[in-house]
Amino acid sequence: MRADLKLIEPWVKSGSQVLDLGCGDGTLLAYLRDKKQVQGYGLEIDTAQITHCIEKGVNVIEHDLDAKGLKRFADRQFDTVIMTQALQAVRRPDVMLEEMLRLGEQGIVTFPNFGYWRCRHYLLWKGKMPMSKTLPHTWFNTPNIHLCTFKDFEALCQEKGIKILNRIVVDAQFSQSRFAMMWPNLFAEFAVYRISR
Amino acid sequence: MSSQSNQNAAANQTNDALAHSVGIVSPQKMHFDQALALVSGKTLKQYDLVYETYGELNSAHSNAVLICHALSGDHHAAGFSSEDEKKPGWWDSCIGPGKPIDTTHFFVVCLNNLGGCNGSTGPNTVNPDTNELYGPDFPIITVKDWVESQVRLADALNIQTWAAIVGGSLGGMQSLAWSLYYPERLKHSVVIASTPKLTAQNIAFNEISRKAITSDPDFHQGHYYRFNTIPSKGLMLARMIGHITYLSDAAMGEKFGRDRKTEAFNFGYDVEFQVESYLNYQGERFSKSFDANTYLLMTRVLDYFDPASEFGGSLEKAFEKASCNYFVVSFSTDWRFAPERSEQLVESMVKAGRSVSYAEVDAPYGHDAFLIPTERYMAIFSAYMNRIIKEIDA
Numbered sequence: 002m003r004a005d006l007k008l009i010e011p012w013v014k015s016g017s018q019v020l021d022l023g024c025g026d027g028t029l030l031a032y033l034r035d036k037k038q039v040q041g042y043g044l045e046i047d048t049a050q051i052t053h054c055i056e057k058g059v060n061v062i063e064h065d066l067d068a069k070g071l072k073r074f075a076d077r078q079f080d081t082v083i084m085t086q087a088l089q090a091v092r093r094p095d096v097m098l099e100e101m102l103r104l105g106e107q108g109i110v111t112f113p114n115f116g117y118w119r120c121r122h123y124l125l126w127k128g129k130m131p132m133s134k135t136l137p138h139t140w141f142n143t144p145n146i147h148l149c150t151f152k153d154f155e156a157l158c159q160e161k162g163i164k165i166l167n168r169i170v171v172d173a174q175f176s177q178s179r180f181a182m183m184w185p186n187l188f189a190e191f192a193v194y195r196i197s198r
Numbered sequence: 020m021s022s023q024s025n026q027n028a029a030a031n032q033t034n035d036a037l038a039h040s041v042g043i044v045s046p047q048k049m050h051f052d053q054a055l056a057l058v059s060g061k062t063l064k065q066y067d068l069v070y071e072t073y074g075e076l077n078s079a080h081s082n083a084v085l086i087c088h089a090l091s092g093d094h095h096a097a098g099f100s101s102e103d104e105k106k107p108g109w110w111d112s113c114i115g116p117g118k119p120i121d122t123t124h125f126f127v128v129c130l131n132n133l134g135g136c137n138g139s140t141g142p143n144t145v146n147p148d149t150n151e152l153y154g155p156d157f158p159i160i161t162v163k164d165w166v167e168s169q170v171r172l173a174d175a176l177n178i179q180t181w182a183a184i185v186g187g188s189l190g191g192m193q194s195l196a197w198s199l200y201y202p203e204r205l206k207h208s209v210v211i212a213s214t215p216k217l218t219a220q221n222i223a224f225n226e227i228s229r230k231a232i233t234s235d236p237d238f239h240q241g242h243y244y245r246f247n248t249i250p251s252k253g254l255m256l257a258r259m260i261g262h263i264t265y266l267s268d269a270a271m272g273e274k275f276g277r278d279r280k281t282e283a284f285n286f287g288y289d290v291e292f293q294v295e296s297y298l299n300y301q302g303e304r305f306s307k308s309f310d311a312n313t314y315l316l317m318t319r320v321l322d323y324f325d326p327a328s329e330f331g332g333s334l335e336k337a338f339e340k341a342s343c344n345y346f347v348v349s350f351s352t353d354w355r356f357a358p359e360r361s362e363q364l365v366e367s368m369v370k371a372g373r374s375v376s377y378a379e380v381d382a383p384y385g386h387d388a389f390l391i392p393t394e395r396y397m398a399i400f401s402a403y404m405n406r407i408i409k410e411i412d413a
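If you read the protein sequences in the order shown, they are chains A and B. For the first sequence, position 99 (counting from the first letter as 1) is numbered 100 according to the numbering used here, and the numbering increases by one without interruption. For the second sequence, position 133 (counting from the first letter as 1) is numbered 152 according to the numbering used here, and the numbering increases by one without interruption.
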């Protein structure tokens, strides 16, 4: 099972309405449905992933977030709006965050930390855009067009008046190491944020 | 290749198609004596419905799938009527063993709708009140009326709940209507290349088709049977117009381009371009096999469909009544019932809290894409139907 699912699960109420932006193969929604009787919808653009969702019996809606935004969904239509590992890939992460909290009571966001020491080390010593298992793409074809550090993200939240209710920082295996908790912006590879208005 | 081997190749192809289909099928007819009150205020005192079935109904009666046909369809959706039939049923690409609607798992029912011209009661059948063909006196039917008649067929076949009701285009509208009027009688509604209502442009195209038919001198206000003629010119024109709207610019370009029958221009108005030839052929063939009054009726059924109007104009309110799971599919180049129309359906379903999955399939064939077995279309259609099989088996 994906480790991030376990971190997200406690923040999702049983029987609640969930929207998963960039839901991939539907693993998270299927997990929340089976474990917490969540009624969920996933938005996805990748055709193969959409088929996987359908196979799992997960509600999936083919939708290009960048092209179409979230206008067609109503205010407060969902209890929780989730975006795992996709915020850095959208055209306007700031608008996306605001939209997430328009549609949902709370938002859950995960993204890779560009301030992670290996990224810094790569750039400092190689003088090239960091590549790793987490960020395997070259600078010119990466879908991750808006990478940021935890500090960047938190500054944006503050500017937008978005409350950070919880933050869990983890390493690449999604476990909470001591180092990562002590100096997250340097030693944590991912974070899971729970946010609200 | 010699003509002998050509014939063999053609025969092999047919055998192959036969082997991968539900095989040789024959229609059945059911008579209904109980009067059917129509939305128009008129009544059909009695009527017949012609239908075909494929596969076996299981002991729990939980594996039945209803197929709803579109404008020019009928009950012959899959398989071959005889070994001599060149083309299988109109949706053979999707119904049969190993196909998305897999007949080794599902019991499939497809009927010719009321007002049709292929055996069910319609303009070209005898009106018991006059002992003459109904002709233009056949009452205007609506999608809701069709659903009522289909409910009675379901009752007669001992099907309390459909595992799924599946339809493309006008067929999708029937599936939607079932989900709103008889929510407890279906588990899944599969709505392909459809729309919550026609746009002004859609209605405009229908009106041109109707005008083409009614202005044919052989139309005789719909009483052409009495004159032993058919308004074939008008019906042909109607079909030609319709056909253009079912294809995309790209699909026509790919199929015909500017190809001509002769290399040099003839400097006249006879058929020269391949696309002209094709349209004429399609139109002519259709005008010989389809009934003009039925064509008029079908276009009106389309025009009138607007279930939201019964819920204060709110599609969302309409879907609050529903309880089935929806699967909505659109095609990127369909400009007759464009993807935006399907998205409107999905948006309202989500707002109403319904379970729904949606895919926009990138296919170059316009509205007709729902009949063409393109790879991704087959993949998601199969995935969804397999999910239903799993639920039945669970």
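Incorrect hints may appear among the rest.
Said to hold, decoys possible - With a straight-line cut-off of 35 angstroms between C-alpha atoms, the simulated DSBU-like cross-links for lysine-lysine are:
#1 B:Lys409 <-> A:Lys69
#2 A:Lys72 <-> B:Lys163
#3 A:Lys69 <-> B:Lys216
#4 A:Lys14 <-> A:Lys129
#5 B:Lys216 <-> B:Lys64
Derived from the structure by calculation, the hints contain no laboratory data.
How the hints compare with the structure:
| no. | hint | result |
| --- | --- | --- |
| 1 | B:Lys409 <-> A:Lys69 | holds, 34 angstroms |
| 2 | A:Lys72 <-> B:Lys163 | holds, 32 angstroms |
| 3 | A:Lys69 <-> B:Lys216 | holds, 22 angstroms |
| 4 | A:Lys14 <-> A:Lys129 | violated, 43 angstroms |
| 5 | B:Lys216 <-> B:Lys64 | holds, 29 angstroms |
Against the hints set out earlier in the document, a violation occurs for number 4 only.
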